[in-house]
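Engineer: The opening position of the sequence shown corresponds to residue 998 in my numbering, with each subsequent residue numbered one higher.
Everything labelled a hint here was simulated from the structure, so no lab data went into it. We treat Cβ as the ideally placed atom computed from N, Cα and C, and that holds for glycine. It cannot be assumed that every hint is accurate.
[Unchecked claim] Straight line, CA to CA, 25 Å or less: simulated SDA-like cross-link-like pairs of lysine to any residue:
hint : residue 1 : residue 2
1    : K1046     : Q1062
2    : K1042     : S1011
3    : K1042     : Y1010
4    : K1043     : L1024
5    : K1053     : Y1040
[What the hints assert, rightly or not] Per label pair, the in silico range of CB-to-CB distance:
hint : residue 1 : residue 2 : range
6    : K1042     : L1064     : 19 to 29 Å
7    : A1055     : A1018     : 15 to 25 Å
8    : T1054     : Y1020     : 20 to 30 Å
9    : L1004     : Y1049     : 29 to 39 Å
10   : V1038     : V1009     : 17 to 27 Å
11   : L1007     : S1063     : 35 to 45 Å
12   : L1064     : L1013     : 16 to 26 Å
13   : D1019     : Y1049     : 12 to 22 Å
14   : Y1049     : L1001     : 37 to 47 Å
15   : Y1040     : D1000     : 29 to 39 Å
16   : Q1062     : V1002     : 38 to 48 Å
17   : L1059     : L1001     : 19 to 29 Å
18   : L1004     : G1047     : 33 to 43 Å
19   : Q1062     : D1014     : 13 to 23 Å
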Amino acid sequence: MFDLVDLTGLLVYSALDSNEADYEDGLIRAAAEALQVDAVVSYDKKAFKGSYIPRKTAAEVLARQSLGAPDE
998 MFDLVDLTGL LVYSALDSNE ADYEDGLIRA AAEALQVDAV VSYDKKAFKG SYIPRKTAAE
1058 VLARQSLGAP DE
C-alpha cells in the first residue's frame, strides 16, 4: 500500500521550486511525481492541486481496499 522513499537533493530542490504553499507538501509532491505514484493520501484540500498525481483521502483509499477494487 505504501513504500518508504529516499529523499535526494534533487527532490529537495524540486520541492523548493514547487508552487505548493508549504515545503512538506512540496517535498511529498516532488517525490510522488518522480516515482509516478497512483495517488497522494492527504486531507489537505489545498495541497497538490497543481500536480497530475491525484489527491485522495485516507477514507477513499480504505474504501477502495475494502471493496477489493484494484489499485488505480
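Engineer: Now, for every hint given, state plainly whether the structure supports it.
Structural biologist: Structure-based check of each hint:
1. A C-alpha spacing of about 24 Å is found between K1046 and Q1062, which places the hinted pair at or below 25 Å, so the restraint holds.
2. For a cut-off of 25 Å, the pair hint linking K1042 to S1011 stands: about 21 Å separates their Cα positions.
3. With a C-alpha separation of about 24 Å, the suggested pair K1042 and Y1010 falls inside the 25 Å cut-off, and the hint holds.
4. With a C-alpha separation of about 15 Å, the suggested pair K1043 and L1024 falls inside the 25 Å cut-off, and the hint holds.
5. A threshold of 25 Å between alpha carbons decides the hint, and for K1053 with Y1040 the separation of about 7 Å falls inside it, so the pair holds.
6. K1042 and L1064 have their C-beta atoms about 24 Å apart, which keeps the hinted 19 to 29 Å range intact.
7. Taken as a hint, the range 15 to 25 Å holds for the pair A1055 and A1018, whose Cβ atoms sit roughly 21 Å apart.
8. Checked against the hint of 20 to 30 Å, the pair T1054 and Y1020 passes, with Cβ atoms roughly 22 Å apart.
9. Between L1004 and Y1049 the beta carbons are some 20 Å apart, a value that contradicts the proposed interval 29 to 39 Å.
10. A hinted range of 17 to 27 Å for the beta carbons of V1038 and V1009 is consistent with their spacing of about 21 Å.
11. The given range of 35 to 45 Å is respected by L1007 and S1063, whose C-beta atoms sit roughly 36 Å from each other.
12. Checking the proposed 16 to 26 Å range against L1064 and L1013 shows it is violated: the Cβ atoms sit about 39 Å from each other.
13. Between D1019 and Y1049 the CB atoms are about 20 Å apart, so this pair conforms to the stated range of 12 to 22 Å.
14. Range check, Y1049 to L1001: about 23 Å between beta-carbon atoms, so the 37 to 47 Å window is missed.
15. For the pair Y1040 and D1000, the supplied restraint of 29 to 39 Å is violated, since their beta-carbon distance comes to about 21 Å.
16. Distance hint check for Q1062 and V1002: the Cβ-Cβ separation is about 21 Å, which falls outside the suggested range of 38 to 48 Å.
17. For the hinted restraint 19 to 29 Å between L1059 and L1001, the CB-CB distance of approximately 20 Å keeps it satisfied.
18. The hinted window of 33 to 43 Å between L1004 and G1047 is violated, with their beta carbons roughly 20 Å apart.
19. Between Q1062 and D1014 the beta carbon distance is about 34 Å. The supplied range of 13 to 23 Å is therefore violated.
In this structure, the earlier hints numbered 9, 12, 14, 15, 16, 18, 19 are contradicted, and the remaining ones agree with it.
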